[in-house]
Amino acid sequence: MKTGQLEELGQQLRVDAVRAADAAGSGHPTSSMSAADLGGVLLAHHLRYDFERPEHPGNDRLVLSKGHASPLLYALYRAAGVIDDAELLTFRHDGSPLEGHPTPRLPWVDVATGSLGQGLPVGVGMALAGKRLDPLPYRVWVLCGDSEMAEGSVWEGAAQAAYERLDNLTLIVDVNRLGQRGPTREGWDLDAYARKLGAFGWHTIEIDGHDVAAIDTALQEAAATTGRPTAVIARTHKGRGVAEVEDQEGFHGKPLPHPERAVEELGGTRSVRIDVAKPSGTPPTATAPDGTGGDRTTPDRADPVAAPRYRVGDEVATRDAFGAALAALGSERDDVVALDGEVGDSTRADAFRKAHPDRYFEMYIAEQQLIATAVGMRARGYLPFATTFAAFLTRAHDFIRMAAVSGTGIQLCGSHAGVSIGQDGPSQMGLEDLAMMRAIHGSTVLYPCDANQTARLVHHMAGLPGIGYLRTSRGASPVLYGPDEDFPVGGSRVLRAGDADRVTVIGAGVTVHEALRAADLLAAEGIAVRVIDLYSVKPVDSGTLRQAADATGCLLTVEDHHPEGGIGDAVAEAFADGRPAPRLIRLAVRNMPASATPAEQLHHSGIDADSIASGVRALV
Numbered sequence: 319m320k321t322g323q324l325e326e327l328g329q330q331l332r333v334d335a336v337r338a339a340d341a342a343g344s345g346h347p348t349s350s351m352s353a354a355d356l357g358g359v360l361l362a363h364h365l366r367y368d369f370e371r372p373e374h375p376g377n378d379r380l381v382l383s384k385g386h387a388s389p390l391l392y393a394l395y396r397a398a399g400v401i402d403d404a405e406l407l408t409f410r411h412d413g414s415p416l417e418g419h420p421t422p423r424l425p426w427v428d429v430a431t432g433s434l435g436q437g438l439p440v441g442v443g444m445a446l447a448g449k450r451l452d453p454l455p456y457r458v459w460v461l462c463g464d465s466e467m468a469e470g471s472v473w474e475g476a477a478q479a480a481y482e483r484l485d486n487l488t489l490i491v492d493v494n495r496l497g498q499r500g501p502t503r504e505g506w507d508l509d510a511y512a513r514k515l516g517a518f519g520w521h522t523i524e525i526d527g528h529d530v531a532a533i534d535t536a537l538q539e540a541a542a543t544t545g546r547p548t549a550v551i552a553r554t555h556k557g558r559g560v561a562e563v564e565d566q567e568g569f570h571g572k573p574l575p576h577p578e579r580a581v582e583e584l585g586g587t588r589s590v591r592i593d594v595a596k597p598s599g600t601p602p603t604a605t606a607p608d609g610t611g612g613d614r615t616t617p618d619r620a621d622p623v624a625a626p627r628y629r630v631g632d633e634v635a636t637r638d639a640f641g642a643a644l645a646a647l648g649s650e651r652d653d654v655v656a657l658d659g660e661v662g663d664s665t666r667a668d669a670f671r672k673a674h675p676d677r678y679f680e681m682y683i684a685e686q687q688l689i690a691t692a693v694g695m696r697a698r699g700y701l702p703f704a705t706t707f708a709a710f711l712t713r714a715h716d717f718i719r720m721a722a723v724s725g726t727g728i729q730l731c732g733s734h735a736g737v738s739i740g741q742d743g744p745s746q747m748g749l750e751d752l753a754m755m756r757a758i759h760g761s762t763v764l765y766p767c768d769a770n771q772t773a774r775l776v777h778h779m780a781g782l783p784g785i786g787y788l789r790t791s792r793g794a795s796p797v798l799y800g801p802d803e804d805f806p807v808g809g810s811r812v813l814r815a816g817d818a819d820r821v822t823v824i825g826a827g828v829t830v831h832e833a834l835r836a837a838d839l840l841a842a843e844g845i846a847v848r849v850i851d852l853y854s855v856k857p858v859d860s861g862t863l864r865q866a867a868d869a870t871g872c873l874l875t876v877e878d879h880h881p882e883g884g885i886g887d888a889v890a891e892a893f894a895d896g897r898p899a900p901r902l903i904r905l906a907v908r909n910m911p912a913s914a915t916p917a918e919q920l921h922h923s924g925i926d927a928d929s930i931a932s933g934v935r936a937l938v
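Sequential numbering of the sequence shown, starting at 319, is according to my numbering.
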């Protein structure tokens, strides 16, 4: 397209953003209008995308990090001919896939955006897949706003992209100067953004974001740059083209006050259509539409790893079993990738690194980037397992939450959970992770107590439809189960049971072993208790819990976790449908731990065998 035609396209996109927000009675047209020329030039001249085959492995990826500017994205889809005018005007209406912030309800949207600062980190994951896993010639284009450049996650992404030399990644920064409540930190100081990104190792280009020829040249330069990622830093005006709102405060997130007059000022409605260039051919390493990895033949430099098998009675840490099982899963499936936050020697993700180095990614101490990379790789058809200490996953909670909004199936492992890690003290103890992960929509939360159980649950995680979380422990514990036993998601195990049982003790992970020791102590006193291993914390085995309640009349839960949101709450919810609830006593970590041995920690927190036995005695 010639310069005049590109300018007309930009005006069309602005008009459509105004019209969509007006039809919805809400939205962010001014934020869309500032980036209209950037989006139009990208669509017309640089994006390579087959809209009829959104699963095509060679398609470029477009991530609208400033997801509130969704009217611009939908206007681009109208210009590409994949939605019509009537559908555009369903923006934000009940039942419309054109949501207020984009989600994968639309087939051309890979990930949900709108929580600012996430687009670039996710784009890094997509670009890494194209560089190191497929490899494929697609480019990743991330359009972000200037306000979100204040987010720390952006700079985690900037650092990782530069370190990995992702020259297939282009960040387009829409510097329109105005945030939600007023001016941004840097205003129109393009050089401030360029200095920061340049210090990380990025190639930077500063332009007028309304000069379509300059935009075109900059995007060409970005595509031609090798050895490092490129940032196109564009000076724009919020509300561009409408005098009443252009570069004016107070219009963020609102339809224009006089939309008909604004449309007339912008030159009226248009119906420019863009024949978007398609990627050439189908690469031989195509991603299967079902995300299984297709006919990938990713080379590994080590012999296949067999699934681990442990003998009953051996002392094995569940984190050790996790690492061995993940390495074995990587030999079974070449779509499995592992990511770690520079603690792989502790999480035991190192076992995967040694077996499958080409599918292992070190994210360093950047937990937001860790999860974002997993989300980006999942969008490209891989099955990521991301690992770090359970405590540190709390830093990435928003990325996990948004992964659920995307419907993204990533698998997470949090090691070193609970006070049972011992002397390291409370800063390292994951005591909130079960609550956090149970609250994620569609999540599965698993907490194994022995090595064979852990290995089997890792295998099951590969088939989960949503986000899975596995909680592992630092210290060694006895192997209770044989290597051929199965542990279906949503199940539990009754380890002790009899007709004379007076209380049911329910634990998971390390507290299962404490519960068994307590049962032995109580049996010597003539008090029979039932013991349940609740390895599936979500979904919970309501049937077994209800049977135990009917048989014993009283349940006692014990968990290496704070009382809020963990095992006790999961058990209570099994009786939340109006059924008569049994008496329920909850033992949990209610103190603030300090450095001590694992055994001392469990005792001080009141979740060791002696504490359990005391609780049962008080009940009976």
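It should be emphasised that the hints constitute simulated quantities derived from the structure, not laboratory data.
Where hints are given, some of them may not hold.
What the hints assert, rightly or not - Pairwise CB distance ranges, derived in the manner of DEER restraints:
id: 1; residue 1: G816; residue 2: A894; range: 27 to 37 angstroms
id: 2; residue 1: R835; residue 2: G571; range: 27 to 37 angstroms
id: 3; residue 1: G781; residue 2: A914; range: 38 to 48 angstroms
id: 4; residue 1: D895; residue 2: A595; range: 30 to 40 angstroms
id: 5; residue 1: S414; residue 2: P783; range: 19 to 29 angstroms
id: 6; residue 1: P898; residue 2: E650; range: 42 to 52 angstroms
id: 7; residue 1: A794; residue 2: G816; range: 26 to 36 angstroms
To be verified - List time: in silico DSSO-like cross-link candidates among lysine-lysine, alpha-carbon distance up to 27 angstroms:
id: 8; residue 1: K320; residue 2: K514
id: 9; residue 1: K320; residue 2: K449
id: 10; residue 1: K514; residue 2: K449
Every value quoted in this text rests on a predicted model; they were computed, and no experiment measured them.
C-beta atoms are modelled at their ideal positions from N, C-alpha and C, and glycine is treated no differently.
Cross-check of the supplied hints:
1. Separation of G816 from A894 is about 28 angstroms and conforms to the stated range, judged on CB atoms against 27 to 37 angstroms.
2. Look at R835 against G571: about 58 angstroms separates their beta carbons, and that is not inside 27 to 37 angstroms.
3. The supplied range of 38 to 48 angstroms is met by G781 and A914, whose beta-carbon atoms lie about 40 angstroms from each other.
4. At roughly 55 angstroms, the beta-carbon separation of D895 and A595 lies outside the given 30 to 40 angstroms, and the hint is violated.
5. Distance hint check: the CB atoms of S414 and P783 are about 25 angstroms apart, consistent with the given range 19 to 29 angstroms.
6. Separation of P898 from E650 is about 45 angstroms and conforms to the stated range, judged on CB atoms against 42 to 52 angstroms.
7. Distance hint for A794 and G816: a CB-CB separation of about 29 angstroms, consistent with the stated range 26 to 36 angstroms.
8. A C-alpha spacing of about 34 angstroms is found between K320 and K514, which places the hinted pair above 27 angstroms, so the restraint is violated.
9. Between K320 and K449, the direct Cα distance comes to roughly 33 angstroms. Violation of the 27 angstroms bound is thereby established for this hinted pair.
10. A distance of roughly 24 angstroms separates the Cα atoms of K514 and K449; the hinted pair therefore holds under the 27 angstroms criterion.
In this structure, the hints that do not hold are numbers 2, 4, 8, 9, in rising order.
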